[in-house]
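Trainee: So the chains spell out like this:
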Amino acid sequence: MATAETTGKRKGKVALAMTREELLAAWRMMLLIRRFEEKAGQLYGMGLIGGFCHLYIGQEAVVVGIQGVLREGDQVITSYRDHGHMLACGMDPKGVMAELTGRIGGYSKGKGGSMHMFSAEKGFYGGHGIVGAQVSLGTGIAFANWYRENGHVCVTYFGEGAANQGQVYESFNLASLWKLPVLYVIENNRYAMGTAVERATPTKDLSQRGAVWGIPGRQVDGMDVLKVREAAEEAIAYVRSGNGPYLMELLTYRFRGHSMSDPAKYRTREEVQRMREERDPIEGARKILLEHYGVGENELRAIEDEVRRIVQEAADFAQASPEPPESELYTDVLVETAA
Amino acid sequence: MATEILMPALSPTMTEGKLARWLKKEGDPIRPGEVIAEIETDKATMEVEAVDEGVLAKIVVPEGTEGVAVNSVIAVLDGPPATPAPKPAAAPEPAPVPAAPAVAKSASTAQPAAAVNPSEATLSAYSGPTAPMTVREALREAMALEMRRDPDVFLMGEEVGQYQGAYKVSQGLLDEFGPKRVLDTPITEHGFTGLAVGAAFAGLKPIVEFMTFNFSMQAIDQIINSAAKTLYMSGGQIRCPIVFRGPNGAAARVAAQHSQCFASWYAHCPGLKVVAPWSSEDAKGLLRAAIRDPNPVIVLENEVMYGQTFPCPTDPEFVLPIGKAKIERPGRDVTIVAFSICVGYAMEAAESLAKEGIEAEVINLRTLRPLDVETIFASVRKTNRIVSVEEGWPYAGIGAEIAARVTEACFDWLDAPPVRVTGEDVPMPYAANLEKLALPNAAKVAAAAKRVLYR
Chain A
11 MATAETTGKR
21 KGKVALAMTR
31 EELLAAWRMM
41 LLIRRFEEKA
51 GQLYGMGLIG
61 GFCHLYIGQE
71 AVVVGIQGVL
81 REGDQVITSY
91 RDHGHMLACG
101 MDPKGVMAEL
111 TGRIGGYSKG
121 KGGSMHMFSA
131 EKGFYGGHGI
141 VGAQVSLGTG
151 IAFANWYREN
161 GHVCVTYFGE
171 GAANQGQVYE
181 SFNLASLWKL
191 PVLYVIENNR
201 YAMGTAVERA
211 TPTKDLSQRG
221 AVWGIPGRQV
231 DGMDVLKVRE
241 AAEEAIAYVR
251 SGNGPYLMEL
261 LTYRFRGHSM
271 SDPAKYRTRE
281 EVQRMREERD
291 PIEGARKILL
301 EHYGVGENEL
311 RAIEDEVRRI
321 VQEAADFAQA
331 SPEPPESELY
341 TDVLVETAA
Chain B
6 MATEILMPAL
16 SPTMTEGKLA
26 RWLKKEGDPI
36 RPGEVIAEIE
46 TDKATMEVEA
56 VDEGVLAKIV
66 VPEGTEGVAV
76 NSVIAVLDGP
86 PATPAPKPAA
96 APEPAPVPAA
106 PAVAKSASTA
116 QPAAAVNPSE
126 ATLSAYSGPT
136 APMTVREALR
146 EAMALEMRRD
156 PDVFLMGEEV
166 GQYQGAYKVS
176 QGLLDEFGPK
186 RVLDTPITEH
196 GFTGLAVGAA
206 FAGLKPIVEF
216 MTFNFSMQAI
226 DQIINSAAKT
236 LYMSGGQIRC
246 PIVFRGPNGA
256 AARVAAQHSQ
266 CFASWYAHCP
276 GLKVVAPWSS
286 EDAKGLLRAA
296 IRDPNPVIVL
306 ENEVMYGQTF
316 PCPTDPEFVL
326 PIGKAKIERP
336 GRDVTIVAFS
346 ICVGYAMEAA
356 ESLAKEGIEA
366 EVINLRTLRP
376 LDVETIFASV
386 RKTNRIVSVE
396 EGWPYAGIGA
406 EIAARVTEAC
416 FDWLDAPPVR
426 VTGEDVPMPY
436 AANLEKLALP
446 NAAKVAAAAK
456 RVLYR
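Chains as they are written, first to last, in the working numbering: chain A, 11 to 349; chain B, 6 to 460.
Wrong hints could be hidden among the right ones.
To give an idea of the interface, some chain A residues facing chain B are shown, with a C-beta separation under 8 angstroms as derived from the structure [unchecked claim]: (1) K121; (2) Y135; (3) F153.
None of these hints come from the bench; they were simulated from the model.
None of these values were measured; they are calculated from a predicted model.
Built from N, CA and C at the ideal position, the CB exists for glycine as well.
Using the sequences and the hints, build the whole thing.
Mentor: Given below as structure tokens:
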């Protein structure tokens, strides 16, 4: 899939998928995620972030393209590769970064870490460390929408690795049986940790994994934010109309390792290099902004500066915020009830 | 030659039933396999098929009779004496032993007047009116009351709706609350448990019924990793107000995979509350409290207790506090701590010990997490001796925790090492005699009490 080719085809669709302002906002958000993750990687290297840290670099178009079609009150839930989703949901980069450094200013007061962050206010339900668990949970959040008849949709993200977990299919069955408003999104970044998708399943098209329950599915280029957006509009419209679940498979790629401690022996340097050069979602969107929307370099540079400043402020906050006081050890185990 | 037709047992734990209808009348010819009567239990309605050929000579128990004991004669058949041994009509096995041990035990505690029932004095914490009620009815009423009170409460599980509950606990709820609030799920524990936890994150208050807690193991990741931990991992943002309930522990003659106690498994985990009702009062008060609690609560019921009748508070506001034990029987010589079905064994043991001049204090724990250690400690400081009773395995069990806590806090008061009465440290055997050996009973509890008294 050469960039020139797709760009040529895309020309007519640009106006349909996103306006200039929408694409500009999407590009800004993708860039924010990219710079944020680069900074997180840096802080990890400095020993300021511990444990597991799964970066979203390369996959930005997926969450940004989908988030653009959600409404206030819709919910998002995902796995442990969750920093991008949180930023896209509008969560404060400072609170996210401070959680990574395990500080009181973090979204979970430093008690959740990279994989376990939430914002009830922004409709972000985590941040889940058990592969596939969020699929049942997201189906349940959609169940609550159905129960309350509130018209909201829960977007439930999972990787192609999680797509082989049994509870995913238990959830598909229930969601389809009860017509729950859930959009399932498989982020197929080709490698479940070190296992290439073709070594894990004979299925070529994961978007058809819901077919036996009558769940419509669509495979989408996840490196092109416009295509993601266009497909998401169709998918969300289907789900919001009460038809039940819909499954999107986003073909994407992570430019970094599975986590920070990844020897990357399972793919070649050339493969990664080629994807970075040819399919970078941020570069792709930038090109369209410049060539088709007539956005000036200066305007983009101003956004780059703004993003860089936000990320630096987040990093500063994450280092300045104190560790949680020892009294926090025993809080939030249970909701206190009047005796 | 006359053959007696006996009241059949329709389930491992059935002790009695209602003879709902005779489909044959006296003088009718009967062929093997023909349906001759319908029997109703609190769980189900079943047809009774004839085993032997002959003529229905006499109907001993008229239709409409309630409380017909298993293995009592319900009719007499005149006919060719093809097989000499009289058989219960629908029971496939000859059943020389009238019933499984657990059934026998439950029969001994099923009478409302039996000594195991709480006396008026032991209900002192609640002084309002009571009415006799089975544990099953008490659980059902707790759910119905809370569902009327709060539209966010709903019930989901296998066979909870149209089938009216595998054990009839949810009988009638579908009719009152409709299919949106009483949801039949497919057999998909991992999936529906995760779904319910997600719904609770979003603010609903699900009651998840496991047909038995054995099946909760399919879903234990969602219970521990999602339900119990998310409040902490979210810094207090995401609550999980959910109830997991269903029968726990040994039923009768269902062997290892269907007979085990999960008390220690769940009580181990911070972020959960765990309650285990014994009486109808416990069942109603604890389940209502569990549904109202903003945290995930495990409610460990017991199938053998479902049909047992106790005086149950009728005050519409009656609810019990989670985390408080109840002294079911005061005494000064030895403390016996138990929960769920084992409270009955402890009460029975206390009764027999009393005849020997030993006054046992029986503590019904009611809640396993958080554990009401204050009540236990106060009792041990009075009696100086303690026996714990549970159906679960001894290793890292509830009794082990109680022994450790008592030793830590009451070491100077103890006149004997704490003793645990537990299920044996083996998977549950099927054979009736081995199963009996594997489980606690009143005699084992009484023997343990004497041991700590050096008698």
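Trainee: Of all the hints given earlier, name the ones this structure violates by number, lowest first.
Mentor: Hint check: nothing fails, all pass.
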